[in-house]
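Heads up: the protein sequence lines correspond to chains A, B and C, in order.
If you read the first sequence in the working numbering, its first letter stands for residue 1, the second for the next number, and so on.
If you read the second sequence in the working numbering, its first letter stands for residue 1, the second for the next number, and so on.
If you read the third sequence in the working numbering, its first letter stands for residue 1, the second for the next number, and so on.
Because the hints were derived from the structure by calculation, they are not lab data.
Positions of the beta carbon are idealized from the N, C-alpha and C atoms, including for glycine.
Misleading hints may appear alongside valid ones.
[Said to hold, decoys possible] Okay, derived cross-link-like pairs now, DSS-like style, lysine-lysine, Cα gap no bigger than 30 Å in a straight line:
1) K291(C) <-> K68(C)
2) K89(B) <-> K300(C)
3) K246(C) <-> K156(A)
4) K52(C) <-> K156(A)
5) K379(C) <-> K67(C)
6) K89(B) <-> K361(C)
7) K325(C) <-> K52(C)
8) K379(C) <-> K156(A)
9) K300(C) <-> K156(A)
10) K374(C) <-> K156(A)
11) K329(C) <-> K29(C)
12) K203(C) <-> K156(A)
13) K300(C) <-> K337(C)
14) K68(C) <-> K156(A)
[Claimed, not checked] Incomplete in silico selection of chain C near chain B, CB under 10 Å:
15) L71
16) E74
17) S135
18) N173
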Amino acid sequence: MLRASPGGERDHPHFTCRAPPRQRGACLAALRLCEQRVDQLLQHTLNALILGGTYALLGIGLTLIFGIMRVVNFTHGELYAFGAYMMYLWVMLAGMNFYLAMVLAVALGVLLGGAIELVLLRRLKGADIDTTMLVMIGAWIALQNLEQWTWSGVAKSITAPFPATPLVLGPISVSWNRLFVFVVASVLILATHALINHSKLGKAMRATFQDRETAALMGIAIDRIHTATFALGSGLAAAAGALLGPVFVAYPSMGDLASLKAFAIVILGGLGSIPGATAGGFILAFIEELGAGYISSGFRDGMGFLLIIVILIVKPTGLFARRERIG
Amino acid sequence: MKRAATIVLLAALISLPLWISSLYVLHILIMTGIFIIAAMSLNLLLGFTGQLSLGHVAFFGIGAYTSSLMSLGFEVHLLPSWQVGLEAKPVWLAMLTGVLLAGMCGWVIGRLSFKVRGAYFVIVTVSFAEVVRLVALNWVELTQGPMALNNIPVLRLGIPGFFEFAFLRKPANYYLVLAVGALAYLMIRRLVHSRAGRAMIALRENEALAASVGIDVTRYLVLATFLSAGIAGAAGALYAHYVRIVDPEIFSFIYTVTMVIMVITGGKGTLAGPLVGGLMFGLLPEVLRAFSIPPEIQWVIYGALMILIVYFLPEGIVPALSRFWRGRRQQDDAAALALKTEPSP
Amino acid sequence: MTSRTLKLMLMGLALAFAAGGAAAQDTIKIGVTQPLTGAFAASGNYVAQGAKIAEEEINKAGGVLGKKLQLIIEDNKSNPTEAVATAEKLINSDKVPVLMGAWSSTLTLAVMPKLEEYKVPMLVETSSSGKITTSGNPYVFRISPTSEMEAKAFAPLFKTMGIKKADFLATNNDFGLGASKEFSAAARQNGVEVGVMETMDPKATDFSAQLAKIKASGADTLFVTTAVEQITLILKQAKDQQLPQKIITTGGSNSPDQLIAQAGEAANGSYHLVFFTPWFPEAVKNPEIAKTFVTLWNEKKHNVGGLTEGFRGWDGLNVIAEAIKAAGKAEPEAISKALWDVKVKGINGDISFIKQGPAGKESAQNVPSVYLVKIEGGKVTRQ
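Using the sequences and the accompanying hints, generate a full structural model.
Below, the structure is given as structure tokens:
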């Protein structure tokens, strides 16, 4: 009854409807509906792809910290918020160039991460995981409320130097801002992968992840590796925040959801696995987008949590963990 | 000495409404009491078995919502054609159901989560609390979602036909909270000093060793979670029938954090720890409010306190004070001994 | 438990005992509970600022019954438990004879049992849930409109704006859900087809999923009810997805000035239902009062975007002041009685109360004016 028609009949630009005249109306209506549905699906897919990139950044940052240092890093989300607020500070209040501000925001994120590790975590060398967790929670509360006190609870907008009219590709459209986010996120993911797998520092990090004692015996300065890991992971979180801040808004509790989603991604992808975290980021974005689009929009942010619970019950080591390996 | 102090304290607590007339202060004490009960329940899990559960507020909320829904009555459509409803039940029954349901949820979480330990357990518990919050928020037909359940009835006890006492006024609620709190405290104390309790402590100290000696790790952990969740549910039910409005915000992570701070600061693994911690952090917001300190700064102080306590007083205030006091006493005893043995001038 | 610990606890109790304040006698205290921190902080602060401006003006003109008004503003932290705590403190500790608050419907509903318990009236200045005035609480006096009233006021515009099919996007709380319900009912009553009804978490920032659904619905109009931050994002994302629908925001927490500032081009072409039009004060019933308020607000350098919410604090306080004057004494019982008969020229319009709710235990409700404005070329225009 239906056939693709490049020439385009009168009734519908893309398809020919060969139904008998009485059923023509219903046939065309079904076609239109089908096309609408496909368009909607395409739009959802595009949205998910773009969001997935930033989720992957968050996940990679946390999987490194969690994997190498075995620290449940509750401040990860705060670094995300920090990145966004730095963009607000430098772009909106100091009038700096947008791209320059982004570089600065990430750099400051790296520094803050390193500082947190040096000040708070060094002292707890060898302490059990609960203790470090409690310190991280304390730091998280203090950081978030400092942020709220400094910037107030009102959400802050950051203007981006992209045209307001989106790029239209047929039935779907995407804003230039989001396209930029996707490109930068992809670059950062590849850069991190290269760093971990092809640099000396990366090698040291992988060694520490595999076997801390042996790595120490081999002469690796574990303390410095820890600081570097925390700084790198925090820098990635800040990058994600700096990228998404201008797309959405910056507000003090934006880090909470980011933290929890990052945990979901880490668990999904397997501890310490960068490809796992990357894939996990995209998978979570897809589940969220399609779930919100087709099941329940209210539950969008809950998808991450459900995912965590299901995965931990079914396959606690995650989808991609190839047993104690990073890279 | 210790006996006397306990009696004085008990007398003070019981007679409190007689010499504190400010309804506002009573209100603060009641809310603090409810939080202390919740903190005690968390202490059972965190302090005695060593499992850091960060989803504890879920049990508190489940207790609150269950009790409220049962006492208000509800009607939901599980399927478009299948309607399920419950008529309003007396509050005491609703509260007990709340406690039981919370306990059962704790049992389920216990069974599921103890397959995963450490950091993963923490994440599961946090996720569980968030999922429960989202369910409460989105299942509007049942829970009214963000519109909140209001006009929750107060507890009424009595013999039908003879008399009925409604827990409407503050002093009555104060005694109710005090009674439940005392009950919870005694239950926990009994458990800790029993065989099960000693097994739990062995677990906390060295799980592998305990297992190798033949202690059934999972069984005791699950028992602890059941009780812990049940007591938290009781606190939730008390809250629901005192404040008389519950909304999904009671599942906020911030309440879990408050409970954790109370337990850690007071002294995890001690019986008095949550009491001291609860009192401190229950009263602190009101004291800060009196000095017009913005709530953000209050939370910054909380966060900083947590870090400082973990560094300098990792066992909490109560054990530190115990040691201090014991140290003093030993010095006194030594001094007394020295005096006795000195040759008289 | 050591005796040292016991002594510590006794000290703690003593501290609790020592709390509580003394009262000054020569001012009339009015309790205000607003969300100054938390999710609704922006709006709560605007209302408090508006009330403070009114307090100053009233005191400059000689006060009430020869005494100065003193606002005691407590922060309910956007949280129902805290709202109850603030009510307890204001009523029992500060002994205020009347309250104003608590901003959001959930917060107000939480406080309402306390009003009945202590028999103290409260002026509700923002909440929109119908439940507030239909719960049989005679101590509630509301000047803000319910979503039902807002929808009824909008009803004739369905035809004039040529709306054939409408979608609804609302924040997932009493405010948003109530508005969607009322507006969709009004739409149906006026022969308009109802398309999709979507919701979002009040803290969500990504609406791409909901908007993608709405884009495919075939409707010509989208009604949005939420706070201004989310509206900003919705406008931007709707433009990203090239949504064909025209957008109408409802609820009064939509601050068009802030939308222009933050959404930029994306705000052009959108309509907004507001309860005060500071850009053209001549449009309201009592323009001189409106102009005075705008001037005073700008003098204090408050955020211009807050005018559309700050006026509620002004109107609320003025109503309370009038009632106290009419009552002749600053006591809860007398003030309650006097509030029923009060007639005040407010910024929104003329304020007076009608009965609403179950017979014998009615609450008081004002019937306020509603205005429609459009954002065009970066400016707010009259409709």
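Against the structure, the hints come out as follows:
About 24 Å separates the Cα atoms of K291(C) and K68(C), which keeps this hinted pair within 30 Å; it holds. Distance restraint check for K89(B) and K300(C): the Cα-Cα separation of roughly 55 Å exceeds the 30 Å cut-off, and the hinted pair is therefore not satisfied. For the given pair, K246(C) sits about 25 Å from K156(A) by alpha-carbon distance, which is consistent with the 30 Å threshold. In summary, the hint linking K52(C) to K156(A) is supported, as the alpha carbons are separated by about 26 Å, within the 30 Å threshold.
Only pairs whose Cα atoms come within 30 Å are accepted, and K379(C) paired with K67(C) is rejected, the gap being roughly 43 Å. About 26 Å separates the Cα atoms of K89(B) and K361(C), which keeps this hinted pair within 30 Å; it holds. Among the hinted pairs, K325(C) with K52(C) is consistent with the structure: their alpha-carbon atoms are about 19 Å apart, no more than 30 Å. Simply put, K379(C) and K156(A) have alpha-carbon atoms about 21 Å apart, close enough for the 30 Å limit, and the pair holds.
Restraint check for K300(C) and K156(A): the C-alpha separation of about 22 Å stays at or below 30 Å, so the hint holds. In summary, the hint linking K374(C) to K156(A) is supported, as the alpha carbons are separated by about 24 Å, within the 30 Å threshold. Between K329(C) and K29(C), the direct Cα distance comes to roughly 12 Å. Compliance with the 30 Å bound is thereby established for this hinted pair. The hinted pair formed by K203(C) and K156(A) meets the criterion: a straight-line CA distance of about 14 Å does not exceed 30 Å.
Pair hint K300(C) plus K337(C) does not hold up; C-alpha atoms about 35 Å apart against a cutoff of 30 Å. For the suggested pair K68(C) and K156(A), the alpha carbons sit about 38 Å apart, so the restraint of at most 30 Å is broken. Given hint, L71(C) at the interface with chain B, is violated; its Cβ is 14 Å from that chain's nearest Cβ, farther than 10 Å. Restraint check, E74(C) versus chain B: the minimum CB separation of about 8 Å is within 10 Å; hint holds.
Because the smallest distance between the Cβ of S135(C) and any Cβ of chain B comes to about 7 Å, under 10 Å, the interface hint for this residue holds. Annotation: N173(C) was flagged as interfacial toward chain B, and the flag holds, the nearest CB pair being 4 Å apart, inside 10 Å.
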